[in-house]
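K.L.:
Let chain R serve as the given structure and place chain F on it in line with the hints.
Residue strings, one per chain:
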Amino acid sequence: MDFRLTNEQEMLAETVSRLFADSCTGAALRRLLAQNAAGDAARWNGIVEMGLPALMAPEDEGGAGLGAVEMVLVAIAAGYWVLPEPLVEHAGVAVPLLVAAGVAVSEGTVAVGHPRNRLVADADTATALLLADGAAVHLVPAEDVRVTRRESIDPFRRLFAVAWQPKASTRIAGEGWDRALDHGALFVAAQLLGLAQRAIDLSVAYTKERQQFGKPIGSFQAVKHHLATAQVRVEFARPVLLAAAALLAQGSPLAAIRISHAKLAATDAANVATHAAVQAHGAMGYSWEVDVHFVLKRALALGQAWGTPGFHRSRIEAHVLEQQLGPDRTFGKVMNREAALERA
Amino acid sequence: MDLRYTPAEQAFRAEIRGWLEQHVPADPLPDFDSTREGFEAHRVWERALHAGGWGMVTWPEAYGGRGLDLIRWLIFEEEYYRAGAPLRVNQNGIFLLGPTLIEYGTDEQKARFLPAMAAGDTIWAQAWSEPNAGSDLAGVCATAVRDGDDYMLSGHKIWSSRAVHADWAFGLFRAPGSERHKGLSLILFPLDAQGVAISPIRRLDGKPVFAELHLDDVRVPAANRLGGEGEGWAVCMSTAGFERGLMLRSPARFQVAAAKLVELYKARAGGLDPTIGAKVMQAWMDADAYALSIYATASRLIAGGGIGPETSTNKIFWSELDLDLHRTALSILGEEAELTDTGGWLDGYVFALAGPIYAGANEIQRNIIAERMLGLPR
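Here the protein sequences line up with chains R and F, keeping their order.
In terms of my numbering, the first sequence opens at residue 5 and continues consecutively.
In terms of my numbering, the second sequence opens at residue 1089 and continues consecutively.
Since the hints were made in silico from the structure, they are not lab data.
Everything numeric in this text was worked out from a predicted model, so none of it was measured.
Note that beta-carbon positions come from the ideal geometry of N, C-alpha and C, so glycine has one too.
Just so you know, not all the hints are guaranteed correct.
What the hints assert, rightly or not - Per label pair, the in silico range of CB-to-CB distance:
no.	chain 1	residue 1	chain 2	residue 2	range
1	F	S1223	R	Q215	24 to 30 Å
2	R	Q225	F	C1229	24 to 30 Å
3	F	E1351	R	E53	51 to 57 Å
4	F	G1106	R	T29	55 to 61 Å
5	F	R1234	R	D26	58 to 64 Å
6	R	F315	F	D1195	56 to 62 Å
7	R	K219	F	A1366	23 to 29 Å
8	F	S1419	R	Q215	41 to 47 Å
9	R	K219	F	N1220	23 to 29 Å
10	R	D26	F	A1310	55 to 61 Å
11	F	R1460	R	F315	34 to 40 Å
12	F	E1351	R	N11	26 to 32 Å
13	F	A1310	R	T29	42 to 48 Å
Same shape as in the complex, but just chain R (with noise of 0.2 Å):
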């Protein structure tokens, strides 16, 4: 038992949070948006040549090879950074999903269509589509399917409702669309995560700043115990959030509900500390001029995705009460005493 990062998964998650960094500041992507552009090509580039997109596709098919957790980290930093670019689908759903199916991954993205979101994230700008005909798993080239788009408040998210007929032709092997459920559910978790931790993290640097009643007002009680409550939420929806990544990479038979845990700790987690930032910002915080408004859009929009917290709930509810519970089965059942003894 060791519920630690590794050195180099450490050093992914800083790696890519830099990348980000650099290129996601609030003044980048208010440039984005007076272009009414789909992302920042100089932005995917990097993308692509850290090999992030093809992160959890194996070595041998030209991925990384990586797992569950590395794709958490690098979730949590597109979150942080209010990452445009449709990477987290692509790379932590779309990809699995082929290659479970055994379908090469090609050049640009691929969006997902999964039964349980209404509708496509970034569908115009894929260069295919995985689309769900009941359980089967189609994927159906960009020019074979009609996109309409409906507005979010998450200037960023491209959602699309997506006219498709279904062909012999485009189906690919498996029904792999729980799998995806989860993949999607884990991922936009470890993004609301980010997500809550930015919102602490802005408010902190305008709270030292703004001075009313002749002292910053980050020194008040009042705004002190919003911003520690809202840290507190993210302390402990991360090591759920970490623990569901590990258990899926794993196998284990409860990964699933500990991604719906996670999925509900972090959609908390997120709730709490967007509206700490906007409270703790004051005016402004209601304001168009500073970036609150990017990090409380993009959780209001994650937080319904990929399972509604009334869906989650309802997963969690199945197995608390039906499944045996205790402080022994906080990883999953354990061996029996005999058995464990004999191990031994």
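P.N.:
Structure of chain F alone, referenced to chain R:
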């Protein structure tokens, strides 16, 4: 990250599970605060635990432990709570003072205090708070006046858990004329020493769970000082780190309570307020989140990491989850919530009420998080 127990860890779990099955008293012991009899029954249990080698598994073998790591401590605690074993009457000693002694004590002090503590021969109370030094602990006034090789302790300590029946206490005392965080020393003293007067304080349900201590020229050898003279604040903060952070409330306690809450909910399903289900699920999730967080902390500490201000987040989290969990249980019990014979839920609630107050009020913890983790100005 590897979230699988090693074969050796699994064997350890099997071993403690087997021992507890054989030894945990079939009937619950009378509580250790209400009567001397209950207190002594728990001492007998501590001795049995120690005889089995289970007194304090993380301590060095020389001091009555097994020299095991914190992951095994967590496994021990999981099995301990799972088996419904008696609460640890010596928790102030083994969980708070013990780790501080191991960190700051001289070899002589370790040999003198730890084995007796592990064996249940010396049961400890904490003597930190004073009538005018609660959240503002640096406001303590009780004094330690040096007299040759001894200290003379005087002052008024309050809210000392277990002090009604305990054998020894560890307290914070200052050099006369010193101020705030300076001049403080952590000094251990026997509660039956001449000059110590103990008056029980009743909790809101009437149980005498605390005491106040009046000390009037209590003579103790200077060798009873833990850490350097005037360095008591730093030493205490280390104790406080363990108290808030790790050992005082092991996750298993809440996981067992959450599992019981689920059983209560299942037994009384039907006709309940429909919002209760979500609260039950939240209690289960929070107890598990706390466990996962402590596994992460334990892994970090085993690898040589330190315990920092993030322990304040733990204290807030477990105290609020405990209170929410018990309030949820009472709302399931409905009209029966006020009855005192419904399986300990009311007692648990009364106990949980104090959680956000002791070991540093949660408001103070939020200040610590804001200032030391987030870097907000004081």
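K.L.:
For each hint, tell me whether it holds in the structure or not.
P.N.:
Quick rundown of the hints versus the structure:
Separation of F:S1223 from R:Q215 is about 27 Å and conforms to the stated range, judged on CB atoms against 24 to 30 Å. Against the hinted window of 24 to 30 Å, the Cβ-Cβ separation of R:Q225 and F:C1229 comes to about 25 Å, which satisfies the hint. Checking the proposed 51 to 57 Å range against F:E1351 and R:E53 shows it holds: the Cβ atoms sit about 55 Å from each other. Here the CB-CB span from F:G1106 to R:T29 is close to 60 Å, well matched to the stated 55 to 61 Å.
Distance hint for F:R1234 and R:D26: a CB-CB separation of about 60 Å, consistent with the stated range 58 to 64 Å. R:F315 and F:D1195 have their C-beta atoms about 59 Å apart, which keeps the hinted 56 to 62 Å range intact. The hinted window of 23 to 29 Å between R:K219 and F:A1366 is violated, with their beta carbons roughly 40 Å apart. In this structure, F:S1419 and R:Q215 meet the distance hint of 41 to 47 Å, their C-beta atoms being roughly 45 Å apart.
For R:K219 paired with F:N1220, a C-beta distance near 27 Å keeps the hint of 23 to 29 Å intact. Distance hint check for R:D26 and F:A1310: the Cβ-Cβ separation is about 59 Å, which falls inside the suggested range of 55 to 61 Å. In this structure the supplied range 34 to 40 Å holds for F:R1460 paired with R:F315, their Cβ-Cβ distance being about 38 Å. Checked against the hint of 26 to 32 Å, the C-beta distance between F:E1351 and R:N11 comes to roughly 43 Å, which is inconsistent with it.
Distance hint for F:A1310 and R:T29: a CB-CB separation of about 60 Å, inconsistent with the stated range 42 to 48 Å.
The structure fails to meet hints 7, 12, 13 from the earlier list, while all remaining hints are met.
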